[in-house]
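Undergrad: In case you want the letters, here they are:
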Amino acid sequence: MHRLVELAEKSSLRENPLHFEIGDTVDVHTRILEGNKERIQIFSGVVIARRGSGTREMFTVRRIVASEGVERTFPVHSPKVAEVEVKRSGRVRRAKLFYLRDRVGKATRLRERRTTPKPAAKK
Amino acid sequence: MPVGLLGRKVGMTQVYGEDGVLLPVTVVEAGPCVVLQLRTAERDGYEAVQLGFADRPRGRASRSERGHVASIGSKRQRRLADAGVEQSGRADCEPKRFVREFRTDGESVDLSVGDVLDASVFGDGSFIDVIGTSKGRGFAGVMKRHNFSGQRASHGVKRVHRHGGSIGMSADPARVFKGTRMPGHYGSAQATLRHLKVVRSDAENGVLLIRGAVPGPNGGFLVLRHTNRH
Chain A
21 MHRLVELAEK SSLRENPLHF EIGDTVDVHT RILEGNKERI QIFSGVVIAR
71 RGSGTREMFT VRRIVASEGV ERTFPVHSPK VAEVEVKRSG RVRRAKLFYL
121 RDRVGKATRL RERRTTPKPA AKK
Chain B
63 MPVGLLGRKV GMTQVYGEDG VLLPVTVVEA GPCVVLQLRT AERDGYEAVQ
113 LGFADRPRGR ASRSERGHVA SIGSKRQRRL ADAGVEQSGR ADCEPKRFVR
163 EFRTDGESVD LSVGDVLDAS VFGDGSFIDV IGTSKGRGFA GVMKRHNFSG
213 QRASHGVKRV HRHGGSIGMS ADPARVFKGT RMPGHYGSAQ ATLRHLKVVR
263 SDAENGVLLI RGAVPGPNGG FLVLRHTNRH
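Line by line, the protein sequences are chains A and B.
No gaps in the numbering here: position 70 of the first sequence is 90 in this note's numbering, and each next residue is one more.
No gaps in the numbering here: position 27 of the second sequence is 89 in this note's numbering, and each next residue is one more.
Just so you know, these hints were derived from the structure itself, not from any lab.
Computed from a predicted model, the values in this text were never measured in an experiment.
Just so you know, not all the hints are guaranteed correct.
What the hints assert, rightly or not - Dumping the calculated EDC-like pairs for lysine to aspartate or glutamate here, alpha-carbon to alpha-carbon at most 16 Å:
(1) K107(A) - E132(A)
(2) K126(A) - E77(A)
(3) K100(A) - D81(B)
(4) K259(B) - E127(B)
(5) K116(A) - E41(A)
(6) K259(B) - D186(B)
(7) K100(A) - E77(A)
(8) K30(A) - D264(B)
(9) K57(A) - D81(B)
(10) K100(A) - E35(A)
(11) K100(A) - E132(A)
(12) K100(A) - E80(B)
As the list claims (entries may be wrong) - The following label-pair restraints were derived from C-beta to C-beta distances:
(13) F201(B) - R59(A): 55 to 65 Å
(14) P279(B) - K30(A): 21 to 31 Å
(15) K30(A) - K220(B): 51 to 61 Å
(16) K30(A) - G146(B): 50 to 60 Å
(17) S73(A) - M205(B): 30 to 40 Å
As the list claims (entries may be wrong) - These stretches of chain A come out as covered by chain B in the derived footprint (C-beta under 8 Å, 3 or more residues):
(18) 28–37
(19) 66–77
(20) 93–100
Each residue gets a CB set at the ideal place from its N, CA and C atoms; glycine is no exception.
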């Protein structure tokens, strides 16, 4: 990408990057405007995809509502996305978890990934 | 109206505006532009400011291009000086690839030859017109060039799916009217888009972010001026 395009996008990028990975169960806090009052709405589910780069980067969260699958895609850098809270980490082996769409009930569970602090780098 | 600016289209992207609205913007490298010449009513018959943008390597520039920006001591110049003809000033800069004039008839312009203009000519939120050369599409058919509908994909249509149909009547008038829309060369023509909003003006980096699209390919030269539509 042209350096001037990157420069133009820079101000629109999030200052503190969001830390979550594919397979994580997250709470996405979005700012929504009701009349002229702002409040936070939470959408929780499993991160099944992350795509794009720069200001166009998006991630998709899937959850089951009333036994119907619901997916919502958020822009990573939107100021409307206030926070992404990681509730649980899932152990997954691919970058896109579209196979979850074909699964129902217990089969949609992901094995949990225990995050252990990395051992200090040896010389 | 103050003079505008010359620039180059870099490409498009998206940025967040206030309220978190995602805006489509074109990134334009705008300036620095050097004032190469001031046209005056006495000498040229009209008043204008001539700007130059983007350097052309000296080895690739013609002698007249080099002579236009700097005194190169030609025989002609020496003879004119000897004859006592007053020489107009030179900007004393590198030869320029893209040179355009901005008419300033009857306006007082606070510029002299050699001055440099940058993106601060346009403030944040101001409205501008952008003139460029549209993307060339070569010899284009009537569907692309004139938005004709073409013909059906089936129901007996043979080999004429993208044709235009009839171009006139019969024995009377026995000719095709002038101006009838047909296939031909399309694009690579001057195109003006008016009243585009400057989302951000960054004089330090010489960058303008203009809302929406702008004529021409990435890398194409553009003329930017304050809008004349209000």
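Undergrad: If a hint holds in the structure, say so; if it does not, say that too.
TA: Against the structure, the hints:
For the suggested pair K107(A) and E132(A), the alpha carbons sit about 11 Å apart, so the restraint of at most 16 Å is met. At roughly 31 Å between alpha-carbon atoms, K126(A) and E77(A) are farther apart than 16 Å, so this suggested pair is violated. For the hint linking K100(A) to D81(B), the alpha-carbon distance of about 8 Å falls within 16 Å, and the restraint holds. A C-alpha spacing of about 34 Å is found between K259(B) and E127(B), which places the hinted pair above 16 Å, so the restraint is violated.
The straight-line distance between the Cα atoms of K116(A) and E41(A) is roughly 11 Å, inside the 16 Å bound, and the hint therefore holds. Proximity of K259(B) to D186(B) is assessed by CA-CA distance (about 8 Å); at most 16 Å being required, the pair is judged to hold. In summary, the hint linking K100(A) to E77(A) is supported, as the alpha carbons are separated by about 14 Å, within the 16 Å threshold. As the CA atoms of K30(A) and D264(B) are separated by approximately 13 Å, the hinted pair is consistent with the 16 Å bound.
With a CA separation close to 13 Å, the supplied pair K57(A) and D81(B) stays within the 16 Å bound. A distance of roughly 14 Å separates the Cα atoms of K100(A) and E35(A); the hinted pair therefore holds under the 16 Å criterion. Between K100(A) and E132(A) the alpha-carbon distance is near 29 Å, which puts this suggested pair outside the 16 Å criterion. Taken as a hint, the K100(A) and E80(B) pair is honoured in the structure, with Cα atoms around 11 Å apart against an allowance of 16 Å.
One distance hint, 55 to 65 Å for the beta-carbon pair F201(B) and R59(A), holds here, with the actual separation near 58 Å. With their beta carbons about 24 Å apart, P279(B) and K30(A) fall inside the hinted range of 21 to 31 Å. A hinted range of 51 to 61 Å holds for the C-beta pair K30(A) and K220(B), which are about 56 Å apart. Under the hint 50 to 60 Å, the C-beta atoms of K30(A) and G146(B), about 57 Å apart, fit the expected range.
Evaluation of the 30 to 40 Å hint for S73(A) and M205(B) yields a pass: the beta carbon distance comes to about 35 Å. Interface restraint, the segment 28–37 of chain A with chain B: holds (4 residues with C-beta to C-beta distance below 8 Å; minimum three). For the segment 66–77 of chain A, the assignment as covered by chain B holds, since 3 residues bring a beta-carbon within under 8 Å of that chain's beta-carbons and 3 suffice. With a cut-off of 8 Å between beta carbons, the segment 93–100 of chain A has 5 residues touching chain B; three or more are needed, and the interface restraint holds.
Hints 2, 4, 11 from the earlier list are contradicted by this structure; the remaining hints agree with it.
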